[in-house]
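Enquirer: The lines below spell out each chain.
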Amino acid sequence: MSNDTLIEVKGLKKYFKVGKNQLLKAVDDVSFSIKRGETLGMVGESGCGKTTVGRTILGLYDVDGGSVLFDGVEVHAQKGKEYKALTKQMQMIFQDPYASLNPRKTVSAIVGEGLDIHKMYKTKAERMEKIYNLLELVGLNREHANRFPHEFSGGQRQRIGIARALAVEPKFIVCDEAISALDVSIQAQIINLLMKLQSQYEFTYLFIAHDLTMVQHISDSTAVMYLGTLVETGRTEDIFSKPLHPYTKGLLAAAPEADPDYEMSKPSPILTGEVPSPINPKPGCRFFGRCNVAIEICSKERPALVPVDEHHLVACHVVNTLKSEV
Amino acid sequence: MNKTTNILLPNAFEFVEDPQLDSDSITRPSVTFWKDVWRRLFKNKVAMLGLFIITIITILAICVPLFSEYTYKGQDLVNANALPSSTHIFGTDNLGRDMWVRVWVGARVSLAVGVFGSVIPSLIGIVIGGISGYFGGKLDMLIMRFIDVAMCVPSMIYIILIMLFIGSGPISIIIAFALTGWMGSARSVRGMILQLKEMEYVLASKALGASSASLIFNHLIPNTLGIVVVSMTMGIPSAIFYEAYLSFIGLGVAPPTPSWGQLSNAGIAVFRVYPSQLMIPSALISLTMLSFNLFGDGLRDALDPKLRS
Amino acid sequence: MSKRILEVKNMHFSFYTYAGEVHAVNGVSFHVDQGETLAIVGESGCGKSVTVQSIMKLTPTPPGKLKQGKIEYMGEDITHYTQKEISSMRGKEMSMIFQDPMTSLNPTMRIGHQIAEGILSHENISKEKAKQKAIEMLIKVGLPNPEKNFMSYPHQFSGGMRQRVMIAIALVCNPKILFADEPTTALDVTVQAQILELMNTLKREFKASVVLITHDLGVVAKTAQRIAVMYAGKIIETGTARDVFYDPKHPYTWGLLDSVPSTGVQSTKTLLSIEGSPPDLFDLPKGCSFAARCKYCMNICREMPPEETVMANGHKASCWLLDCRAPSVPSQKRVSRVSKLNVKEAAYVE
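Chains as they are written, first to last, in my numbering: chain S, 28 to 353; chain X, -16 to 292; chain Y, -3 to 346.
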């Protein structure tokens, strides 16, 4: 593994048992890596397993196969103190700014929790000073420290969540739909804040979202997920300017833009139907039922993620056959 | 546009120097969760009436035995079985003991048994339910199956067996309640924990490297407290009632120490001749139970997040 | 000029809570003509839902109260209609669909019966005929297998299918106006595209008007002919979709449009966001409510609320910058991506 890779995910599998004999394959054989100081955007519709990927990388879930390497260290092999040391380096920003803050705690208790757990101060005064600095770093005031979460607006709450994650001075941050629940103007604030922090502290981000425009704006590379599998990965500009997988194409075409003339000129939506249930999936390509270019092999064999050029990988039989014919 | 603007502001149409004001400042007063609950509770007149009656009964239970010239066992045989009068406010019993003092000493016992008999099992239940819900898996299954089996038998049977085994007295009653009463609250706390542990703030704390104990006691249990407090409040009247029942059948508090149940038991023997000796303690039992129930109801409404505005 | 279906004049709506009066809607006026889609855009808490709910009288009163204003439906004043009068209009004259279809469908009742129920309560026809009509409606909203779906329960459906059912229920009695409160916010992008397409088609077929409430400018661009931008309980800018998107006049609209990066070009630049948070509706500033977040705030903005300036084509905005005495600011005109697209790029759009 080259030294500039921070996160290396290999063949990650995470299954959940649902009732008797039912297996929800939330993440099924997913591999990717993230370079130091870069942002990987992960897009996909609800139920595609992107949140599970994020949580599994941090070790919040066990794995059912595959491994996650953080800076060369296998996350799921670490227990007790070693795992605790790892939590100091990897953090998470959550989707729901209401559910992610304990309603009974003050802001200083929430932000200070990581400081307490990892004993990152010598005196009480130093602790408060650190909390104040963190609040100011994310654009809040000192006066906010003694307030309770319900007194803040959604965007301010998300800032508190960011301050909590930054408290332990991590290297890697998973942003799990960190802006989805916010208003448009607030989304831009949070994106700007995340990008500013990245340039200041050289964070590595896994930016999970369903909003394509924001992913395009913030990410260096993009991974598209569908029903627990990666269908396409590559540099962001490649994914957005020349998508290859039919799902990526459909997803890009479906995202409406703030441009009425352009919207009116667009053809009807390409993708029909909805994401099927990930419980006991059928063999073959996961996208088979909704794909409008499917060929016979698609229903039988799962396509592997293969490179079309240096950075661009696609898991699609149709694309591969076209390529091999050329 | 009107002229007054120009008179008021000669530089009205100039850009201000610090365009972005602090729109992030919070103008609303800070309201903590419990302050808010208290405010709603205070508005609920029925609940406040309940609380008022509970307070009066508690004050009387504390003060009357302290300041009265009679004691609960002192006899005034000349005035045995006296009717309520100015010397003996509630009259006397067949041994000439002052009922007014006996009722309030009995209130001490009944209230203490009621409060501790409800709070202690709830606390045990919170811890066991919290652990069971948080860790899940085999431990959870074991605890839950144990509770299922144990709860098949009515708790009164356990209590009677325990009382027979360790003897009677207020402390024994509380122990008996503690050994049987935790199961219900453990079950409901476990249910809540199962829901809460999926909350993102718990995950956030986990991601920060928090230990299990810290997760349970800092994040999970405090968020179940509201509902637990309600069930404790609602548990008090039933504990009072159980105590009265046990004393009534002779298993509870031993004479001469009075309790409301015991006083009722004594009163029933002379009910046909001196009905007040049964009516007074049983009326107090009813009034106290009603007040706790009204207060508990109000507390539940006050804690219901759906009613928060 | 097409027929005016709904007109709201100077509506004020407040909630009275323990902490004081929440000014949810502060003088909102708008109208809806036959067959058009009006989008009310704004951030959460700007009063867009309350506005629509108070027209349908769906907000609980108390604590809510319509303080002032006039609501006219087809030229008739319905401001002071009783619940009974307005409920006879719901479904038949005006309908509403909500963000979360699961909570607005009865989980214990078959889908078909929920659709037929609406027909039976408004029209005097037999149960058989109502069922027939419900099945027709299911086909129209694009649910395959209508006979089978008629007997299904809501939990058997996915989010998109439930929203289709909601649309079927809302349109089955042929209402003249459909209020859609964030109808696609809970849905995935690809499903959202389908639902919006369906709404556009059905709107034409039923000749209904739509009032779409949303925070998503992309959704607005896809569906609306006219737009009203709301901020802190006021409509701060309104006009045709093209006017508002390509020639916005209010700094808040500028900010909203700037906050969305366009998919056409990737840039590592910081987004031009609106700093700060919307004002607390308990305690509105005396001047313009956007002044505290506005880049172009002038002295007068903090003192007096701006009046509405009417421009060509019914384009209106409330901002002191539009006053003739105000200093000039950089032009905020925008160009559609279509005019910028070259042929090569257009190929990828497909």
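Derived by calculation from the structure, the hints in this document are not laboratory data. Please read all numbers here as calculations on a predicted model, not as lab measurements. Ideal Cβ placement from N, Cα and C applies to all residues, glycine included. It cannot be assumed that every hint is accurate.
Dumping the calculated DSS-like pairs for lysine-lysine here, alpha-carbon to alpha-carbon at most 30 angstroms [stated by the list, open to error]:
id, chain 1, residue 1, chain 2, residue 2
1, S, K111, X, K121
2, S, K276, Y, K199
3, S, K223, S, K149
4, S, K52, Y, K329
5, Y, K61, X, K28
6, S, K40, S, K149
7, S, K44, X, K18
8, S, K62, S, K40
9, S, K223, Y, K127
10, Y, K144, S, K47
11, Y, K88, Y, K127
12, S, K157, X, K18
13, Y, K127, Y, K61
14, X, K180, S, K115
15, S, K309, S, K37
16, Y, K144, S, K309
17, Y, K203, S, K293
18, X, K18, S, K52
19, S, K111, S, K132
20, X, K26, S, K37
21, X, K180, S, K52
22, X, K28, S, K44
23, X, K26, S, K146
Derived Cβ-Cβ restraints for the label pairs, each shown as a range [claimed, not checked]:
id, chain 1, residue 1, chain 2, residue 2, range
24, Y, R200, S, K309, 34 to 44 angstroms
25, X, M124, S, G38, 28 to 38 angstroms
26, S, Q49, Y, S148, 13 to 23 angstroms
27, X, V110, S, K149, 45 to 55 angstroms
28, S, M155, X, F200, 52 to 62 angstroms
Enquirer: Confirm or reject each hint.
Expert: Each hint tested on the structure:
Restraint check: the Cα-Cα separation between S/K111 and X/K121 comes to about 25 angstroms, which is no more than 30 angstroms; the hinted pair holds. With a C-alpha separation of about 28 angstroms, the suggested pair S/K276 and Y/K199 falls inside the 30 angstroms cut-off, and the hint holds. At roughly 29 angstroms between alpha-carbon atoms, S/K223 and S/K149 fall within 30 angstroms of each other, so this suggested pair holds. Straight-line distance between C-alpha atoms of S/K52 and Y/K329 comes to about 49 angstroms, which puts the hinted pair past the 30 angstroms bound.
Pair hint Y/K61 plus X/K28 holds up; C-alpha atoms about 25 angstroms apart against a cutoff of 30 angstroms. Between S/K40 and S/K149, the direct Cα distance comes to roughly 42 angstroms. Violation of the 30 angstroms bound is thereby established for this hinted pair. Taken as a hint, the S/K44 and X/K18 pair is broken in the structure, with Cα atoms around 42 angstroms apart against an allowance of 30 angstroms. Of the pairs offered as hints, the one joining S/K62 and S/K40 holds, with about 21 angstroms between alpha carbons and a cut-off of 30 angstroms not exceeded.
Restraint check: the Cα-Cα separation between S/K223 and Y/K127 comes to about 59 angstroms, which exceeds 30 angstroms; the hinted pair is violated. Proximity of Y/K144 to S/K47 is assessed by CA-CA distance (about 27 angstroms); at most 30 angstroms being required, the pair is judged to hold. Note on Y/K88 and Y/K127: the hinted pairing holds, with a Cα-Cα distance of about 17 angstroms set against a maximum of 30 angstroms. Restraint check for S/K157 and X/K18: satisfied, since their Cα atoms lie roughly 29 angstroms apart, inside the 30 angstroms limit.
As the CA atoms of Y/K127 and Y/K61 are separated by approximately 39 angstroms, the hinted pair breaks the 30 angstroms bound. The straight-line distance between the Cα atoms of X/K180 and S/K115 is roughly 21 angstroms, inside the 30 angstroms bound, and the hint therefore holds. Annotation: proposed proximity of S/K309 to S/K37 holds, straight-line Cα distance about 23 angstroms (limit 30 angstroms). Taken as a hint, the Y/K144 and S/K309 pair is honoured in the structure, with Cα atoms around 24 angstroms apart against an allowance of 30 angstroms.
Under the criterion of a C-alpha separation no larger than 30 angstroms, the hint pairing Y/K203 with S/K293 is consistent with the structure, at around 23 angstroms. With a C-alpha separation of about 46 angstroms, the suggested pair X/K18 and S/K52 falls outside the 30 angstroms cut-off, and the hint is violated. At most 30 angstroms may separate the alpha-carbon atoms for a hinted pair to count; S/K111 and S/K132 meet this at roughly 23 angstroms. As the CA atoms of X/K26 and S/K37 are separated by approximately 59 angstroms, the hinted pair breaks the 30 angstroms bound.
At roughly 22 angstroms between alpha-carbon atoms, X/K180 and S/K52 fall within 30 angstroms of each other, so this suggested pair holds. Among the hinted pairs, X/K28 with S/K44 is inconsistent with the structure: their alpha-carbon atoms are about 50 angstroms apart, more than 30 angstroms. Among the hinted pairs, X/K26 with S/K146 is inconsistent with the structure: their alpha-carbon atoms are about 44 angstroms apart, more than 30 angstroms. Between Y/R200 and S/K309 the CB atoms are about 38 angstroms apart, so this pair conforms to the stated range of 34 to 44 angstroms.
With their beta carbons about 32 angstroms apart, X/M124 and S/G38 fall inside the hinted range of 28 to 38 angstroms. For the pair S/Q49 and Y/S148, the supplied restraint of 13 to 23 angstroms holds, since their beta-carbon distance comes to about 21 angstroms. Between X/V110 and S/K149 the beta carbons are some 33 angstroms apart, a value that contradicts the proposed interval 45 to 55 angstroms. Distance hint check: the CB atoms of S/M155 and X/F200 are about 23 angstroms apart, inconsistent with the given range 52 to 62 angstroms.
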